[in-house]
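Protein chains in written order, with my numbering: chain C, 4 to 136; chain P, 4 to 136; chain L, 4 to 136; chain Y, 4 to 136.
Among the hints, a few may not be true.
In this list, chains with the same sequence are indistinguishable; a pair is considered to hold if it fits within one copy or across any two.
Derived EDC-like pairs (lysine to aspartate or glutamate); straight-line CA-CA distance at most 20 angstroms [said to hold, decoys possible]:
hint	residue 1	residue 2
1	K16	D133
2	K19	E9
3	K104	D47
4	K104	D133
5	K16	D47
6	K104	E88
7	K19	D55
8	K104	E12
Calculated from the structure, these hints are not laboratory results.
Computed from a prediction, not measured in an experiment: that's the story for all the values here.
Number of protein chains: 4
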Amino acid sequence: MSITLEQAEVAVKAAKAKAVEIGTLMNIAIVDAGANLTAFARMDGAWLGSLDISQKKAKTARFFDMPTGVIGSLSQPGGSLYNIEHSNGGLITFPGGIPIKNAAGEVIGAIGVSGSSVENDNTVAQAGVDALS
Amino acid sequence: MSITLEQAEVAVKAAKAKAVEIGTLMNIAIVDAGANLTAFARMDGAWLGSLDISQKKAKTARFFDMPTGVIGSLSQPGGSLYNIEHSNGGLITFPGGIPIKNAAGEVIGAIGVSGSSVENDNTVAQAGVDALS
Amino acid sequence: MSITLEQAEVAVKAAKAKAVEIGTLMNIAIVDAGANLTAFARMDGAWLGSLDISQKKAKTARFFDMPTGVIGSLSQPGGSLYNIEHSNGGLITFPGGIPIKNAAGEVIGAIGVSGSSVENDNTVAQAGVDALS
Amino acid sequence: MSITLEQAEVAVKAAKAKAVEIGTLMNIAIVDAGANLTAFARMDGAWLGSLDISQKKAKTARFFDMPTGVIGSLSQPGGSLYNIEHSNGGLITFPGGIPIKNAAGEVIGAIGVSGSSVENDNTVAQAGVDALS
Chain C
4 MSITLEQAEV AVKAAKAKAV EIGTLMNIAI VDAGANLTAF ARMDGAWLGS LDISQKKAKT
64 ARFFDMPTGV IGSLSQPGGS LYNIEHSNGG LITFPGGIPI KNAAGEVIGA IGVSGSSVEN
124 DNTVAQAGVD ALS
Chain P
4 MSITLEQAEV AVKAAKAKAV EIGTLMNIAI VDAGANLTAF ARMDGAWLGS LDISQKKAKT
64 ARFFDMPTGV IGSLSQPGGS LYNIEHSNGG LITFPGGIPI KNAAGEVIGA IGVSGSSVEN
124 DNTVAQAGVD ALS
Chain L
4 MSITLEQAEV AVKAAKAKAV EIGTLMNIAI VDAGANLTAF ARMDGAWLGS LDISQKKAKT
64 ARFFDMPTGV IGSLSQPGGS LYNIEHSNGG LITFPGGIPI KNAAGEVIGA IGVSGSSVEN
124 DNTVAQAGVD ALS
Chain Y
4 MSITLEQAEV AVKAAKAKAV EIGTLMNIAI VDAGANLTAF ARMDGAWLGS LDISQKKAKT
64 ARFFDMPTGV IGSLSQPGGS LYNIEHSNGG LITFPGGIPI KNAAGEVIGA IGVSGSSVEN
124 DNTVAQAGVD ALS
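Pulled out of the complex, with its shape left as it was, chain C reads as follows (with noise of 0.2 angstroms):
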C-alpha cells in the first residue's frame, strides 16, 4: 500500500491552505512507502534552503516510520542515535516531517513541511497528514 498522488495532491493542497493561513511561505514534498518524492510544491518566494529540506523530512520520517522530532531527540549527543542524520545522503531530525497512514494504520508515506519556524513546519505538515484521514 502506498500513498496515490491524488492523495499526495489533497495533502500538498491542505498543506498550502495552512500556510497562507498562518502567513508563512513553505515547501512542501509528499513522498511514498518507497520514500520516493511523489508530489511538491514550493510557495512563490519560500527559503531556497528549504527546498531540499522539506524533501529530506519527508524521506526521514518514511526512513524510520516516525516524526522527524522524535529521531532528533536520539541524535542528540550522547544520545543512541548520535548523529544518525549522516546516513543515507543526509537526514533532517527536526520537526516538520509526519508520517502518513492509511486507515489500517500502515505507513504509505510521508510529508515534509519546511519553510518557517520547526513549529510552523510542523503544523503545517499536520494539516496535510489531517487531510487524508
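Using the hints provided, position chains P, L and Y relative to the given structure of chain C.
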C-alpha cells in the same frame, strides 16, 4: 521574472492530462528561473528511475535555456559538447526537458518529463509548456 | 532583483581591503539571489579549506536570508535546527556569511568569508556588505 | 610557483573584456597550481549551467596541464582516455580550459570559460592567458 507556483501547477496538470491521453505514466518536474524545483508530480506506477531524470531534464533545460534534446545532439561522441553530462551534478540531454518562457520571450523556468519513450516524454513536456502560452 | 557582477566585485574589493587592514588572508565569495556563485577571490596563502567554507557560508546566508551565525545559534545540540548542516549538500552555520540587501530591503545575494577567526571572517564579510549600502 | 590573486584578476578582467567584445556572457574561473579556485566572475545573465562547467574546465586543464580540448580528443569512444570524465568528481573535456604558464614555462594555474560556443569559450580563455604573458 520567474514562474509562479500557480503557473507551475497549471503546467503539471496539463502535462498529466496529456500523459493520460496517450496512455503513459510520467514524472513531471517544473523548475523556476533559478533552476530550483517548484512543482513535481509522479503518476502512480511511473518508473522510479524517472523521478531523478525528470528533475535533471528540467534543470538542464533551464541551465542552458534550450530543449534538452538540442544539447544531446551536441554532446555525442565527436560533438562539441561531448560528455557535458558530467557537469552540474549530472545532466540529462535527451528530449523531455523544455524551457518555459513568458509573453516577452524571457525564460522563467523549465519543465522536465520522464517515464516513457523520449518522444512521448517530449510530447507531454510540450503540453505543459503550451498550457502557459 | 539580483546582485550584479559589478556590485559583487565592489563587495569583494572592499572585503579584501578590510582583510589586508586587519592582517588576515581570506577566501571571499559572493552569491546572487539564486545562491549561485557570482564572484570569488582567494587571497594568496589563504587556507585551502576555507575555499569551500566561504562559498557554503554565502549560500547558507542566502538560503535562509539571515547571517550564518544566527542559524548556528539554532543548530546547536538541543536547538530547534539541530544538524541542519546536513541539508543542501552541506551548510556552514558559524559567522562569516551575511545576506546582501538592496535599498528596498530585498535580499539580492550574500557574501561568505573564511580564513581567520569567525570574528575576523564576519568583520570582513560586513565590510563587503557595507560597501554596497 | 603558483598564480597570484593579482594575476588571476588580471586574467579575469581580460577575459571579460574579450567576452564583451565578441558579444557573449561568460562564466570565468581561474585555478591556481593546486587546481583550487582563485578568482571567479559570472557575467550578468550568463547560463547558470556554465558556472560549474567553467570551474571544471579550469580544473581539468590544470589536472593534466593541457588544454581541455586535447583531453577531449583522447576521451572519445575507442580513445585512450575513454570516459576519463568520470574521474575527479567530473571533468569537462571540450575546449575552453587552458593552462596558464609563467615565463619559465611552468604551469602556475589554469583558466576555464563557459557560456557560449566552445570556439567562443576558448577565444575568451585564450584572452585571459594572453593577458599574463
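* To do: Can you give me the call for K104 and D133, within, between, both or neither, at a CA distance of at most 20 angstroms?
  => Within one copy, since 10 angstroms is at most 20 angstroms while 36 angstroms is not.
* Between copies, within a copy, both or neither: which fits K16 and D133 at Cα up to 20 angstroms? -> For K16 and D133, only the intra-copy Cα distance (12 angstroms) is at most 20 angstroms; the inter-copy one is 24 angstroms.
* Given identical chains, is K104 near E12, meaning Cα to Cα at most 20 angstroms, within a copy, between copies, both, or neither? -> within (15 angstroms within a copy, 26 angstroms between copies)
* Have a look at K16 and D47 and pick one of within, between, both or neither, based on CA distance no larger than 20 angstroms. => both (14 angstroms within a copy, 18 angstroms between copies)
* Is the C-alpha distance from K19 to E9 at most 20 angstroms within one copy, between copies, in both cases, or in neither? -> This pair counts as both: shortest intra-copy Cα distance 15 angstroms, inter-copy 12 angstroms.
* **Within, between, both or neither, where K104 and D47 count as close if Cα-Cα is 20 angstroms or less** => Between copies only: 17 angstroms across, 29 angstroms inside.
* Asked: Between the shortest in-copy and the shortest cross-copy C-alpha distance, which are at most 20 angstroms for K104 and E88: within, between, both, or neither?
  -> Neither, since 24 angstroms and 29 angstroms both go past 20 angstroms.
* **Same-copy or cross-copy closeness of K19 to D55 [CA-CA at most 20 angstroms]** => Within one copy only: 17 angstroms inside, 24 angstroms across.
In summary, the one numbered hint that this structure violates is 6.
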